[in-house]
Amino acid sequence: MSERPPRADPAVPPQLTPAGGPAADLAVEPGEAPPLDTAPTPPGTAPNLLDSLPPGPIPPAAAFSAAQAEPCLAVRDLAVSFRTRGGTVKALEQVGFTVGRGEIVALVGESGSGKSVTAYALMGILDAAGEVTAGTAQFGGTDLLHAPERTLRGIRGRDISMIFQNPRTALNPIRPVGKQIADVLIRHGGAGRREAPAAAIEMLRRVRITDPERRARAYPYEMSGGMCQRVMIAIALACRPKLLIADEPTTGIDVTTQAVIMDLLTGLARESGVSALVITHDLALASEYCDRVVVMHAGHVVEDAPVRDLFAHPRHPYTARLLAATPTGHASLADLASIPGSLPDLRRPDLPACRYIGRCDRALDSCQVSLQRREIAPSHLVACNNPL
Amino acid sequence: MGAMILRRLAVAVFSLIGVVVITFALTRVLPGDTAAYFAGPAASREAIEQLRHSLGLDKPAAEQFADYVAALARGDLGNSLTTGQPVLSDLLSRLPASAELTLLGLLVSLAIAIPFGILAAVKPGSFVDHACRLVTTAGVSLPVFFTGLLLVYVFYFILGWAPAPLGRLDVFLSAPPTVTGFFLIDSALAGDWETFRGALSQLVLPVLTLAIFALAPIARMTRAAMLAVLTSDFVRTARASGLTPWSVLITYAFRNALLPVVTTLGMVFSFLLGANVLVEKVFAWPGIGSYAIEALIASDFAPVQGFVLAMAVMYVLLNLLIDVLQGLIDPRARTAT
Chain H
1 MSERPPRADP AVPPQLTPAG GPAADLAVEP GEAPPLDTAP TPPGTAPNLL
51 DSLPPGPIPP AAAFSAAQAE PCLAVRDLAV SFRTRGGTVK ALEQVGFTVG
101 RGEIVALVGE SGSGKSVTAY ALMGILDAAG EVTAGTAQFG GTDLLHAPER
151 TLRGIRGRDI SMIFQNPRTA LNPIRPVGKQ IADVLIRHGG AGRREAPAAA
201 IEMLRRVRIT DPERRARAYP YEMSGGMCQR VMIAIALACR PKLLIADEPT
251 TGIDVTTQAV IMDLLTGLAR ESGVSALVIT HDLALASEYC DRVVVMHAGH
301 VVEDAPVRDL FAHPRHPYTA RLLAATPTGH ASLADLASIP GSLPDLRRPD
351 LPACRYIGRC DRALDSCQVS LQRREIAPSH LVACNNPL
Chain C
1 MGAMILRRLA VAVFSLIGVV VITFALTRVL PGDTAAYFAG PAASREAIEQ
51 LRHSLGLDKP AAEQFADYVA ALARGDLGNS LTTGQPVLSD LLSRLPASAE
101 LTLLGLLVSL AIAIPFGILA AVKPGSFVDH ACRLVTTAGV SLPVFFTGLL
151 LVYVFYFILG WAPAPLGRLD VFLSAPPTVT GFFLIDSALA GDWETFRGAL
201 SQLVLPVLTL AIFALAPIAR MTRAAMLAVL TSDFVRTARA SGLTPWSVLI
251 TYAFRNALLP VVTTLGMVFS FLLGANVLVE KVFAWPGIGS YAIEALIASD
301 FAPVQGFVLA MAVMYVLLNL LIDVLQGLID PRARTAT
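Residue numbers (the UniProt record's numbering), protein chains in the order written: chain H, 1 to 388; chain C, 1 to 337.
Incorrect hints may have been included.
As the list claims (entries may be wrong) - If you want a taste of the chain H side facing chain C, the calculated C-beta under 8 angstroms gives, among others:
{"#": "1", "residue": "I155"}
{"#": "2", "residue": "M162"}
{"#": "3", "residue": "F164"}
{"#": "4", "residue": "A170"}
{"#": "5", "residue": "R187"}
{"#": "6", "residue": "Y219"}
{"#": "7", "residue": "M223"}
Source of the hints: derived by calculation from the structure; they are not laboratory data. The structure presented is a predicted model; accordingly, all values stated were derived computationally and were not measured. Even for Gly, the Cβ is constructed at its ideal location relative to N, Cα and C.
Please put together the full structure from these sequences, using the hints given.
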């Protein structure tokens, strides 16, 4: 009885190391012609990744025009900061992107780039130390960032649902999985108390769990990681949501099972027309399963483009470096590049306008004070003063 | 689950054998000559030796132990030299008084500590959290005999709200007909509300004394366990699924936090069994604790052995109960050894 209870310190997401500064001047100039040579210099490794894309026409083009017409989710100017002992961490700044109806968008970036924080802010489940300081997120007529908690509780799990990494810990260890699916169904009126158990079994069948009647009574510790993630997918899709947010859905799962889970996830999403936001640091995964990629770096969206465009012609120096650093089947370890430097300290009061400046070999003097965001090609957005 | 209970009972048998050996050995090495004590100061050497012989105390220790075990097997705990009664019937007649006190103390502490701990964890740093810390610190730092005396001083001596700390019932009231031995239940069954009120008013202070002692570890553990569970991944999942705050807090968080709390509960209850001895002394409570103390002072072996044995049995049963509760709460505990 001598151990002290854990302190309720504002738990800062571990990837966020420290501190803040004045809002950088991010000039948004959509559609403006790039100041430099527009002909993109294809970086060496990108074509390799492109080879891994499925052959033939990719649906994204159609999905993308639909996205522009009436997006499922439109995030604008989202800013989130965390209060810590060391100062305020400006975790997100001017984050904006859209997810079209039926579209599968990848949110990629390294650890600490703010991918998960973006998802948590949208879900309204940020840690107590985190605060949304600006922005809107339009979802079917509701601004997710300003709606009352009661409204959000009705949306979460029913209209927007979320899948997490490490599925074995994401499920309640002492509740049978069937009941956990039923809880969500009952809460959102997807099924009555009496029908819920059968509906839960039906959901388990949809995520292709064999012997669903028996598995519904199983506890998470009796199942494999991949099996648990299937249950998570069943919970997420139980109420037929409009948007599915998957936060690194394959992290913590056996490599051989990862592809199975992604096939299942995107297959079910496409089948039922659910839009999806897939958070990942795996570019190969993004290229294989998603229509569009939003690249984040240090709390900024640096590039936003359809998969094919992004992999063929990355315009932001960071994206190009990221592609060069992605292992492919026919590249040796020696060919693999790494990105010099690390994420800037986000507590600094004098953060430059472009947060990539310290690691960039194309930086201009103007990058310190302003950052241009523009549509460099149709539906290809980049935030860079000196794009490739 | 059934296999687990059987396994635990098998292990318990060995614990009990150990307890029998130790209590026997311990009471023999304690200072004081029982025969001399009971023969009185004026007794001659021959009288003492005669008494020693009639008590069987002159036999070799091994033989005495064999006699003791043989008697135990017959359910005979020996006779108390002070009361002249069989120890078993003494203990059985006094047990309900102790049990009523201890169980009520535990219930009251649970009723206060668990909501307190949950609220403190839900709003860390709030007024409730600070109040919780204050109460738990006070609870662990105040010894029960001190809390008991303080309560008697304030509520009986100064304020006069509580009755004199002299046992289970005022001298003008008669005990209700024995059904369970618990005065509250027996008087309620008999419909004797005057006795019920009398018994209750006598219970308030000693129960409060035990409750203050017990609630500190329970509240601390509830708060700590809830804090840990509330930041866990599955509570985040529950929130992200839009479940109601009540459902998240109770069905998802609290049921998981119960595991360490129940474990603590077992420990707290065993502390209470010990604390009871002191509280019974302070409030002149006719329970088994005060019985054991009086016997110990008089070098009266049999009641002390009987008391320790009874405590050991209770402790073993308690641990079994805790294990069963754990198994009911956590499916993982059912298969674990």
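Chain C contact restraint on I155/H - CB to CB distance below 8 angstroms: Hint on I155/H: holds, closest Cβ of chain C at ~7 angstroms, below 8 angstroms.
Hint check, R187/H versus chain C [nearest Cβ-Cβ separation less than 8 angstroms]: With Cβ-Cβ at 5 angstroms, under 8 angstroms, it holds.
Minimum beta-carbon distance criterion (8 angstroms), A170/H to chain C: holds, 5 angstroms
Hint check, Y219/H versus chain C [nearest Cβ-Cβ separation less than 8 angstroms]: OK, holds: Y219/H within 8 angstroms of chain C, min 5 angstroms.
Interface hint outcome for M223/H [beta carbon to chain C under 8 angstroms]: Violated, because the Cβ-Cβ distance from M223/H to chain C comes to roughly 12 angstroms (cut-off 8 angstroms).
Satisfaction of the F164/H interface hint, Cβ to chain C closer than 8 angstroms: At about 6 angstroms, which falls below the 8 angstroms cut-off, the nearest Cβ of chain C leaves the hint on F164/H intact, so it holds.
Interface restraint verdict for M162/H against chain C (beta-carbon cut-off 8 angstroms): holds, 4 angstroms
The structure is inconsistent with hint 7 alone, although it conforms to all the rest.
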